[in-house]
Amino acid sequence: MFEVRTVWGRILLQVVVTLLVLPFLFPLIAMVQGSFAGDGWRNYAAVLAVPGLPRFFRNTVVIAAGTIAIVYVVTMLAAYGFGKLRIRGREVYFWLLLACLTLPEVVLLTPLFTTAQAFGFFDTYWAVILPLAALQVPFAVLLARNFVQGIPDELFEAARVDGGTVINGFRHLVIPLTRPIAAAVLIFTLIGAWNNYLFPLVFLQSTEMQTITLVPQYFVGQFSNDQTKILASAVITAIPEVVAYLCLQRLFERGLAAGAIK
Amino acid sequence: MAETSVAERGLREGPAPATRGGGRRGRLQPPGLPWILPALVLCVGLIYYCIWYTALISTWDWDGIDPNPERVGAENYLRIAQDPIFWATIRHTIVFFVVTFVVQTALGLIFAVLLHSKVRLAVVYKVIIFIPVVLAPAITAPVFRRMYAPDGQVNALLEFVGLGSLAQPWIGQESTALPVIMAVTVWQWTGLTFVLYFAAMGQIDQSTIEAARIDGAGNFRTLTHIIWPGVRGTTLAMAILSAIGALKTFDVPYLITVGGPNYATEFLGTYIYRKTITQSHIGYGAALSIILLVLALVMALILQVRGGEKRVVR
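Chains A and B are the protein sequences, given in the same order.
For the first sequence, my numbering assigns the number 85 to the initial residue and increments by one for each residue that follows.
For the second sequence, my numbering assigns the number 17 to the initial residue and increments by one for each residue that follows.
What the hints contain is simulated information worked out from the structure, not anything from laboratory work.
Positions of the beta carbon are idealized from the N, C-alpha and C atoms, including for glycine.
Take these hints with a grain of salt, some might be off.
[What the hints assert, rightly or not] Chain B residues, not near chain A, derived (Cβ > 10 Å throughout):
{"id": "1", "residue": "D77"}
{"id": "2", "residue": "D82"}
{"id": "3", "residue": "A104"}
{"id": "4", "residue": "V150"}
[Stated by the list, open to error] So, partial list: chain B residues that the calculated Cβ filter (under 10 Å) puts toward chain A:
{"id": "5", "residue": "I52"}
{"id": "6", "residue": "L53"}
{"id": "7", "residue": "W68"}
{"id": "8", "residue": "V111"}
{"id": "9", "residue": "I145"}
{"id": "10", "residue": "A157"}
{"id": "11", "residue": "R162"}
{"id": "12", "residue": "P166"}
{"id": "13", "residue": "W203"}
{"id": "14", "residue": "V211"}
{"id": "15", "residue": "A227"}
{"id": "16", "residue": "G285"}
{"id": "17", "residue": "S305"}
Work out the full structure, taking the sequences as your base and the hints as a guide.
What follows is the structure in structure tokens.
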């Protein structure tokens, strides 16, 4: 974008970017450095020796996977319905769905709390998966519908002329053609579900149901506020997220960009 | 408004794809209601049920246990109108939105422009800026509590560069607690703004920029006259997302300052949590929730309508 002709200009540019990035790097360095303070590697050993840790990771994986599965299925079905099929009062339904985009999750606390207790799924995965999915679906449908609308009608008509059913159209056209946007939906849902704090905090009370976002607070109790070990636990829980991002970097950025440009 | 919805128009640039129900083709299409039913049941069912239920208990004086809560009508709402902490949360939310949105937009734009220029190791910079987006606030909060502590790294850094007189208990005093919350939020979300701008700039026609260059436009003029208008759709979408995000703010203030000191970083979200969970004033919390919901919807509508006007002007 910027045109820099001289060598000095180029160096200046590089220096400016570096200076601007430093504040973003600083907390990450502080995190790693703090986790090694005092006992060094033994902080990590102490954190890893806590029996609950693998369990926390498993809970988060189950919740993220469950949420992604529900969001994906529900979104793709709805995107096909909204994008290519006949629905009377379609925009009303769509508007109802999109109004949910503005919904803050705190609003759901009390009703879900009482409902979850009444139906007996309090302190189970469902108490977190269902509201998480419900909050992710509107945005996912918005993205996916725009994408499905972009698929030429002729493809669906050709399929119908060849005797294909609506379900076949979905299976053989929508599912394969929506892969790029499905990646975006997956990334959004993954970040949302993996990082959610409030729902597990309120709806998962027993220790063996806790998720990794509750780990730092759990360790505050475990290590009576020993900051270095809390930071070590933060680094350990951050590693999978950073690795996942580095591995899927292109997918993350393309997915997010697809959400904005569409 | 009935035809194109709030977020849809904000998040999509350019004219709407022209597929509307009726017409000959429409009648040939098979019915789609069963296909959207799961989404409707999940979202509209669950969420609208919750809203209805919250609206109901917002008229109760309820501690969450009493089987026969007292019906008090609009009293909770009247009390909120006179609650100084409520008005403080509104002020914090407005300040928070304006500051974080402006700073994030500026930083995101600068990074996107610079990294679209010929900068070495651009990938490394990109990764560093984006990593905070994928980290949970719950994970990074202990780091920031440590960093901004009186004996934390921020004060140490000030000491190091000879500004030791500026060192202060950042989180512990009212005047600096909110700026800390805003700084953490900017740190967390600039990566997203940056990636969106970066992608949007990739869509700007290079020949337009070259033409401007040939006509003698410098870097600054190119930025203000071609790039900035070119990414307006993204800016608008980010404005809506930031405004709603500001109203929803919970994790960062709850985990770093717990709304304190002396309610200096209380937001609607943390206040609702404090009232509902900590103090068991469930009716009051529900009334706050309904107000929050209305504010979020109104905000989305306002930004939407204003955005629409600008689009027409162009």
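Structure-based check of all given hints:
1. D77: D77(B) clear of chain A: closest Cβ-Cβ about 14 Å, beyond 10 Å.
2. D82: holds, 13 Å
3. A104: holds, 17 Å
4. V150: V150(B) not clear of chain A: closest Cβ-Cβ about 5 Å, inside 10 Å.
5. I52: Holds, because the Cβ-Cβ distance from I52(B) to chain A comes to roughly 4 Å (cut-off 10 Å).
6. L53: Status holds, d = 8 Å.
7. W68: holds, 8 Å
8. V111: violated, 18 Å
9. I145: OK, holds: I145(B) within 10 Å of chain A, min 5 Å.
10. A157: Result: holds, 7 Å to nearest chain A Cβ.
11. R162: holds, 6 Å
12. P166: violated, 13 Å
13. W203: holds, 6 Å
14. V211: holds, 5 Å
15. A227: violated, 13 Å
16. G285: At 5 Å from the nearest chain A Cβ, G285(B) passes the 10 Å test, so the hint holds.
17. S305: holds, 4 Å
Hints 4, 8, 12, 15 from the list above are not met by this structure, while the remaining hints are.
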